[in-house]
Every structure is written in structure tokens, then in C-alpha cells.
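Full structure from sequences and hints, please.
Sequences listed follow chains A and B, in order. All residue numbers for the first sequence refer to the working numbering, where the first residue is 1 and numbers rise by one. All residue numbers for the second sequence refer to the working numbering, where the first residue is 1001 and numbers rise by one.
Since the hints were made in silico from the structure, they are not lab data. Just so we're clear, the structure is a prediction, and the values are computed from it rather than from any experiment. Where is the CB? At the ideal position from N, CA and C, for every residue including glycine. Hints may be right or wrong, so weigh each one.
[What the hints assert, rightly or not] Quick look at which bits of chain A chain B covers, simulated, 3 or more residues with Cβ under 8 angstroms: (1) 39-47; (2) 101-114.
[Claimed, not checked] Here are the simulated BS3-like pairs of lysine-lysine, each with C-alpha atoms no more than 30 angstroms apart in a straight line: (3) K49/A x K106/A; (4) K52/A x K106/A; (5) K52/A x K1057/B; (6) K49/A x K1057/B; (7) K1057/B x K68/A; (8) K106/A x K1013/B; (9) K60/A x K106/A; (10) K77/A x K60/A; (11) K68/A x K56/A; (12) K106/A x K1057/B.
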Amino acid sequence: GNSVTQMEGPVTLSEEAFLTINCTYTATGYPSLFWYVQYPGEGLQLLLKATKADDKGSNKGFEATYRKETTSFHLEKGSVQVSDSAVYFCALEADTGANSKLTFGKGITLSVRP
Amino acid sequence: KAGVTQTPRYLIKTRGQQVTLSCSPISGHRSVSWYQQTPGQGLQFLFEYFSETQRNKGNFPGRFSGRQFSNSRSEMNVSTLELGDSALYLCASRYRAGTGELFFGEGSRLTVL
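Shown next as C-alpha cells:
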């Protein structure tokens, strides 16, 4: 079946540090890949997405590139801020059509110190 | 445009009871999905409804059920509650099943004592 593996957390960084959060996946076909973010006390929000190999998703300074050869979709940001403190989930959606559903990784908590 | 609204936000139940959670999707969205979020298992898909029909279902026991109404609002029900059902239940909507961005509500946090 489909699965998403994220690096173990939590991650604590100082403000302006470089961020990488690893994500690899297993899926049949050509899934779409997503990063969702969950701020404290809130639901999930879509951060960025990529729908085909070599696509780069970007938003709010975050980037991730769909790498089919390594089945990866690592999240990066060049300079994190305290406001980036949240839980980050990598997800995939394989299958098109009405049976499609999102499969999430376990999430990783990011804390950014001033 | 109003977001996805879930009620209640917090609730406490005891083992053996049942619970019903409600979700109002974004206006115009006809698909509603439900997810269970726990520290141990992360986010797990429960089911998705579109046009009042269940289109997809995750690997949960029959105690977990749902339905969708003609106005696209959805409810999920958990019967015979167990301690392990304590979780944040998230609802998400999108325009139609199987495609498009999911918009999540803030969740209903269920504690089973």
C-alpha cells in the first residue's frame, strides 16, 4: 500500500537557521505530494504541493522538489522564523478518481528559538 | 468565505458511550473527509463522502460510521467508545471527491475516560 515516512522529531532550531525535513514515500503510479502545516490549536493547512516528477512546490519561503528517482519530497527553508514553529506533515495522494485519499506521514514538530 | 466548521470542539465521554461529531464544509464543497489524529498513529483516514454517498473508507472498525446530508454537512458517529478512541477528529472538505485541495477544520478533541 501507499506510505509516507518522515524523519523523527522533534526539531529545534534557532531563528534564521536552515531547515530540512526529510520525507520519502512508497506508492504505485504517480502520486501527488503535499506538505501540510498545523499551527498550535488549529487544523491542517496546505503549505505546498507538487503533482509530477521534478515539480517544485513553494510557499512562504518553503520549498520542496518532487524527486521520483529517490521517491522523496524533502521540505526546505533557508531562514526559519519563530512563527514557523508548528507540526509539519508530508502526504501523498495516489489514485485519481473518487477513491483517492490522502496518506500522511506521522508529522514532525518544529520549534524555532528567538 | 467561512472555513470548515466542526462541533463540538471538545468533549469528554466515558467508555461504552457513543458520540456524534458534526462538520459543515466550505460553501460549495460537496466532499467531506474525516481523519483521526493521535500521537501514536498520526493522521489516519476514516472515510470520505460525496453527494451523500460514502466514496472511500479507511481501516477502522464498524463502530465508526458517518453520513452526509443533502446540504453537504456531515456527521460521524463512534459507538461503544473505547479508551483508544481518544483523539483529535479532523474534518476536511473539497469541491468534489478525489481531486483538489483539502481544507481542514480545527477538529473535535474527544477524550474517553
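message: Tell me the numbers of any earlier hints that the structure contravenes, in ascending order.
response: Checked against the structure, no hint fails, so every one of them is satisfied.
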